[in-house]
Amino acid sequence: MTIDIVYGERATTGVDAESTAGGLWLSADDLNRVSGWEFKPQGFCKGDVCVPVPDARKSEFVATQRYNLAALAGLLGQPVVTDGEFNAWCFGEAAAERRRTLTSLDAPDFSLPDLDGKMHSLSDYRGKKVFVVSWASW
Amino acid sequence: MPIAIAFDSGGNAATEPWIKAAKPSYPCLIDRCHLVAELYDMVNVPTAVWIDERGKIVRPSEPAGVTDAFRKMNRTNFSIPTDAMAELQAKRKAYLDAIRDWVANGPASRFALSEPEVLRRMHTPDDAQVRAAANFRLGEFLFERGQAEAAKKYFEEAKRLRPESWNYKRQAWALEDPMKPGGPEFWAAVDSLGERKYYPGPEDI
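Chains as they are written, first to last, in our numbering: chain A, 1 to 138; chain B, 139 to 343.
Since the hints were derived computationally from the structure, they do not count as laboratory data. Just so you know, not all the hints are guaranteed correct.
[To be verified] Quick list of simulated restraints, FRET-style, between CB atoms:
| hint | chain 1 | residue 1 | chain 2 | residue 2 | range |
| --- | --- | --- | --- | --- | --- |
| 1 | A | R57 | B | P301 | 35 to 45 Å |
| 2 | A | P54 | B | A222 | 56 to 66 Å |
| 3 | B | R283 | A | S121 | 53 to 63 Å |
| 4 | B | A224 | A | G117 | 47 to 57 Å |
| 5 | A | E97 | B | R283 | 20 to 30 Å |
| 6 | A | S121 | B | G284 | 27 to 37 Å |
| 7 | B | L257 | A | S121 | 42 to 52 Å |
| 8 | A | R57 | B | A151 | 46 to 56 Å |
| 9 | A | D124 | B | E154 | 20 to 30 Å |
| 10 | A | K40 | B | P155 | 28 to 38 Å |
| 11 | B | P155 | A | K58 | 54 to 64 Å |
| 12 | B | M211 | A | T101 | 29 to 39 Å |
| 13 | A | K40 | B | Q227 | 51 to 61 Å |
Heads up, the beta-carbon is just placed ideally off N, CA and C, and yes, glycines get one too.
When you get a sec, could you build the whole thing from the sequences and use the hints?
Right, here's the structure in full:
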C-alpha cells in the first residue's frame, strides 16, 4: 500500500509500505529516506547514534528486505499518530530526547524560510547573541 | 541578532502583510509546522529565548515583555484601563532594557542566567505533550493537503493533551476562521483561566 509519513519536520508522500497490527514495514531505502535511520549489524543507526535491537526481538524489527519503523518508534519512545482514512502516519520526537536536548542547554538548531523562500538556520548566526522571538498573525 | 519566528500554518499568505508592514531589518522566518515551538517548548506568542555566541541557552522560553493586561480590556470598546496599560508598558520597557544590558555586558549581565537558573526555569515536555505535538503536526499536514475536516480531530486532540498551549488553540481556530482566535471561544478560554496567568512567567525578570 502507499502511505504518507510525517517524521518530525520531514513529510514524505507516496511511500510503499506494509502496515500490520503494530507495524509499519519499509524497504531499507524508504526507511532512510523518510526517517534518516538505516539498519546496520549493530542496530538502527542515524549519524553517530546506533540503537541495538534485542536479539530475542529481532523479528519485530527486521523481516526480509523490510524494517519496522513503528517498532523502532516504540523502542525510542516516540509518539505515533495514524490516520486510517488518509493512510498517514506521524512520528513525533520522544519526550526523553526532547528533555535531553533542552537540558543540555545547547540551543536546538532549525532551518526555516523567510518570505522569499530563503532558508535561514540558527547555526548561521553562531558567534552572535541571538534573540529568538515568536509571533503569529492569528 | 533578533530572529522573529512566525508560528503560522497559513504560511506566506497569513504573514506577508504583517512582515511587509514591519519592514524588519532582521530575519523573519515562517514556521508553518510550529517546529520552533516544539524544539523550545513554547506554548504562546510572543515567547522568547536568549542564545549566546556559543549557541548556549542563557534564558529559556519565557513571555517576551508582556502581561495579562488585555484581560482587563473593555470588550465593547477595546480600551484597556490606564493602570493595566502602565504595567504592560513598564514590563515591556524592563524586558527591552534587559536585552540591551545582555547585548552590552554578555555573561556579566545579571539577565544572562546561570546554568542552574536556566534549568530551574526551563519546562521540558512529558509524554502527553510530545503526543500533543505529533497530533498537531499530523493535523497541520492534513490541512496542508487540503483535508481541513480530517485535520480537526488531530488539532482537538493536541488541544486536549496540552490545554496550556494557546498556539494549538489559536492556530486551529485561525485555520477555521481568521476571526475566531479573537472571538467568543478565545474569551471563554481566557476567562476559564480564573486566577491562572495567560502569560505565566517570572515576576521579576
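Verification of the hints:
Roughly 36 Å separates the CB atoms of R57(A) and P301(B), a value that falls within the hinted 35 to 45 Å. P54(A) and A222(B) have their C-beta atoms about 59 Å apart, which keeps the hinted 56 to 66 Å range intact. As the Cβ distance of R283(B) to S121(A) is approximately 26 Å, the hint placing it in 53 to 63 Å is violated. At roughly 42 Å, the beta-carbon separation of A224(B) and G117(A) lies outside the given 47 to 57 Å, and the hint is violated.
Range check, E97(A) to R283(B): Cβ separation about 27 Å, and the 20 to 30 Å hint holds. In this structure, S121(A) and G284(B) meet the distance hint of 27 to 37 Å, their C-beta atoms being roughly 30 Å apart. Checked against the given bound of 42 to 52 Å, the beta carbons of L257(B) and S121(A), roughly 25 Å apart, lie outside it. For the pair R57(A) and A151(B), the supplied restraint of 46 to 56 Å holds, since their beta-carbon distance comes to about 48 Å.
Distance hint for D124(A) and E154(B): a CB-CB separation of about 23 Å, consistent with the stated range 20 to 30 Å. Evaluation of the 28 to 38 Å hint for K40(A) and P155(B) yields a failure: the beta carbon distance comes to about 50 Å. Separated by about 55 Å at the C-beta atoms, P155(B) and K58(A) satisfy the suggested range of 54 to 64 Å. As the Cβ distance of M211(B) to T101(A) is approximately 38 Å, the hint placing it in 29 to 39 Å holds.
Remark: the range hint 51 to 61 Å for K40(A) to Q227(B) is upheld by a beta-carbon distance near 59 Å.
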